[in-house]
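*Asks:* Residue strings, one per chain:
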Amino acid sequence: MQPEGGKINTLHLGFLITGFTFGSSVILSPGVEAGHNAWLTVFAGLVMGLIMAYIYFTVAEKFPGKNFIEINDLLLGAYLGKIVSLLYLCYFLHLGSLILRDFGDFFTLTIYVNTPEVVIVGSFALLAASAVRNGIEVITRCSLIIVPLTMFAFILDTILILPQAKYEKLLPILELPLKDFLRISFSSFSFPFGEVVCFLMITAFLNSTKGLKKHVLSGLTVAGFFLITASIRNTTVLGAAVKMGLYPTFDAIQLIDIADFLTRLELVIISVMLTTGFIKLSVLYYGTVIGLAQVFKLRSYLPLVLPIGIILVVLCITQFENTQENLAWAANIYPWYVLPFQVLFPFLYLILALLKGNHSGRKKAGERS
Amino acid sequence: MHTRKYLILIYLLVFLFTASGCWDRRELNELALATCVGIDLGEDPQHLQMTVEIVLPENISTPGGASGQGKPTFTVKSQGLTAFEAARKLTLNTEERIYFAHNPVVVFGEEMALNGIAPAFDFFIRDPEPRRTAWMLVSEQRAEEIVNIDTMLEPITGIYINKLIEEIVSNSLIASMSVQDFLERLMSPTSSPYCSLIRAKKENDSIIMELTGTAIFKKDKMVGKFDYTEGRGLLWVLGEVKSGIIVVPCENDSNVALEIIRSQSKIIPSITDNTLKITIKVKEEGNLGEQQCPYELTTPQAWSSLEKKKAEAIRQEILAAVRKAQELNTDVFGFGEAFHRKYPKLWKEQLKQNWDVFFPEIEVEILVEAKLRRTGMISKPGIPD
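Listed in order, the protein sequences are those of chains A and B. With my numbering as the guide, the letters of the first sequence map in order to residues 1055 to 1423. With my numbering as the guide, the letters of the second sequence map in order to residues 13 to 397.
There may be inaccurate statements among the hints.
What the hints assert, rightly or not - Label-pair ranges, simulated between beta-carbon atoms:
(1) B:97 x A:1398: 47 to 53 angstroms
(2) B:362 x A:1218: 31 to 37 angstroms
(3) B:27 x A:1376: 29 to 35 angstroms
Everything labelled a hint here was simulated from the structure, so no lab data went into it. These numbers come from a predicted model, not from an experiment. For glycine and all other residues, C-beta sits at the position ideal for the given N, C-alpha and C.
Based on the sequences and whatever the hints tell you, model everything.
*Replies:* See below:
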């Protein structure tokens, strides 16, 4: 039994995943620490992401029509399953608040210098709350409009900046100690590719799991391809200065100058791209709310939307005193913090699902209670 | 149904009033737009002095419309320990806060540049307002004097300087650099930044500005100047010569002027027997633009000798720039980055740390391939025998 009756198909899920992965990584370029080798670390992150996504969705395919909470209960037992479920829900909620914080910081740093962050973050959360109340179908439909629009903006700005790009700035390739390369690659896996684990909350709403992996993995690849392009673009335009900016994409787009006429496009283009942040936030928010409703066996998830939204905003504002804390946390702690959620538990599930899968295969005729 | 309609109406009305503004609104009539920023050392050398030209929109004459009443610009200055402090102190003189987002030009006084521009540079990248597309310049006198100038040609100094820099391409004698490019070079361990040099001079009661060469930096400190020949030499190496005139001798006192149409360059590093060598390959194409001597130059022999003379002239320009740069020990050409790309391991182990030792000793080979394409509208010289 699901607390919501929405149905989506796997193609739409692919779109949703593209939008989700694009999310805030479009302004906070992953792997930027690696300088001119950033695109390689994003590529490595994408490969890891594809492998892990394959695992996540193999588990999901074993239990069609069941969401993550039910899968946890089945695999780990009622008590342990509930505990792990709650941990995951905390992670989703926290991740949502981090996304909010990234956007809040971005706006207060660039244009709304005097506006209190809570106003920006609050209105963003309110919008997401309305999407969440309307259910998964609405969020998915939004992504069908937003994702192509974002792609268009992205391609447009990449073409417009081409005259400033110098490709020799990418050389020499692979100039990074292996240890650093792996560390940065893992960090660009954990943000954003590994966060796709949240979609385990959504797979229950699929009308059929046919072509699930195909669409999900291609959605992830498309987003990864765009992020690699972004990374290459930023390096070829900004050169050695790419490392220092908080928002390399913003810095690069700022330099667009076509015949003194098409200039200063950064805000137009960035605003379009930020809409994918709304998708990411909505999915995480929705996952949290649905999961909670499931754990506590509520008939509807709607009463939870507003309280969780308030927690999101409060957590977002209070978790970091300043930008510096956010940066230090994202760089040093985040990859370790997500390790169990994105890697360890999914591996455990895969093993358990393969072991128990034989059982459910035999019992295929009758639905599980 | 009716209540729903009214609800939507109220909803829209609420939006009408709340979505129209925010904390950070800056209306056009309350902006003091900066169009030229000058940075100097203050009276007390610990302080910086910032001079800013502000546009007064009501005094700008519009074509066909009523012309303005007084000067279209207004200059304010202030001092502070840092650029940001000085920028805010400007508001002690102006009624509105200065808005830097549309500023096209940042001028550093020579004295400031010799001492290092780092104390003021961070502000222009960290603050979200100033754009990194602004041009960097060094002025031979105090930057304050440049900003203060009232010229006949263009009432707004910043726009005047901006146009001057954009017209550099027709001669390609001076190298120019934006704040972003300057930053990129500052971040590189070996490459040195450069920017255009400007000066104001008085001529027959009117004051005009002149780009006098290229200022060469080492890290953030200005260490020397390139004249026009060396400036073009630098641009040849960077492959940024887009147009210009090369004059080569024809006979006795007469000359031939050749127009540059396009050029390309390649920097190829190599290492033989522990010596670093750079090969600069320049490909140039141009037209015969003018001749003073009465000979017919459009014969095959004369044409190819002209091409050779041109190639030699280009070689000399590049050589002048390379010699000067090695003398000053500033890698304005990006040779270090070229070695970095080709020999990443060696670069990391030795070259990067000791680039100042290696750079002046680099052997430079210059290969120029100069082509003459068109003769102009005539094939016989327009000079009597």
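*Asks:* Look at each hint and say if it fits the structure.
*Replies:* Results of checking the hints against the structure:
In this structure the supplied range 47 to 53 angstroms holds for residue 97 of chain B paired with residue 1398 of chain A, their Cβ-Cβ distance being about 51 angstroms. A hinted range of 31 to 37 angstroms for the beta carbons of residue 362 of chain B and residue 1218 of chain A is consistent with their spacing of about 32 angstroms. In this structure the supplied range 29 to 35 angstroms holds for residue 27 of chain B paired with residue 1376 of chain A, their Cβ-Cβ distance being about 33 angstroms.
Violation of the numbered hints given earlier is absent; every hint is satisfied by the structure.
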